[in-house]
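Keeping the supplied structure of chain S fixed, place chain R upon it in accordance with the hints.
Protein chains: 2
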Amino acid sequence: MERVVQNLKPPYYAVLFTNQRTAIDDAGYGAMAERMVELAQQQPGFLGVESVRDAAGVGITVSYWESLDAIRAWKANEEHLVAQARGRSDWYAQFQLRICKVEREYGFNAPAADSQLQ
Amino acid sequence: MERVVQNLKPPYYAVLFTNQRTAIDDAGYGAMAERMVELAQQQPGFLGVESVRDAAGVGITVSYWESLDAIRAWKANEEHLVAQARGRSDWYAQFQLRICKVEREYGFNAPAADSQLQ
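Chain order of the listed sequences is S and R.
Going left to right, the first sequence walks through residues 0 to 117 as numbering that gives the first Met the number 0 numbers them.
Going left to right, the second sequence walks through residues 0 to 117 as numbering that gives the first Met the number 0 numbers them.
So here's chain S without its partners, still in its complex pose:
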């Protein structure tokens, strides 16, 4: 999957999820995280997702959506609700979730980006 999403046209919406993992159940968490990305991609109004986690267990995941209604529907998805409950009971020590309107953006690709990444 593309790590930096570059093909969108504002205005649209972002769900900005910053979190600190507990030390609990890495395998279960990993499987859930993969499944949630797969499921999100199937939702109406999904535009893309970017996600990074560092060695200290701090993660930032940003998902992009066409509308606030699309975000509401995703939040209320049954399988997602189960994952959200496990997040609070087991997987997250701390998180902050922000709903944002993306107003402007610009991007950059280095001329030799492909070769620099090899």
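Take every hint as true, because none was put in to throw you off.
One copy or two, it doesn't matter: identical chains are merged, so the pair holds either way.
Within a straight-line C-alpha distance of at most 25 Å, the following computed DSS-like cross-link-like pairs (lysine-lysine) qualify: (1) LYS100 x LYS8; (2) LYS8 x LYS74; (3) LYS74 x LYS100.
Quick caveat, the hints were computed from the structure, so don't treat them as lab data.
Chain R only, in chain S's frame:
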């Protein structure tokens, strides 16, 4: 520094910077990144910053600001302009920068979060 920023009150603005590092000059990049956080904290209207980078060199940095004017002033800061130029010439293979309005947010702290993090 706090990794998850939890004390803000919408509405305010976020600069969402998703990027892929090149393999060039890790030491110089690290020093610049630290200095930019230090400098941003001194700017009028700065509210906070969250930053994560993974082992593949993909990073997401989100800085929070009181207003679009505060973001414009930070973008035009002289020392920051020098860093931006080095970013394009050397440090980033790819990036996307989004200006967002944070409309709503909520947070979570696990009851035993402190002990889980030890």
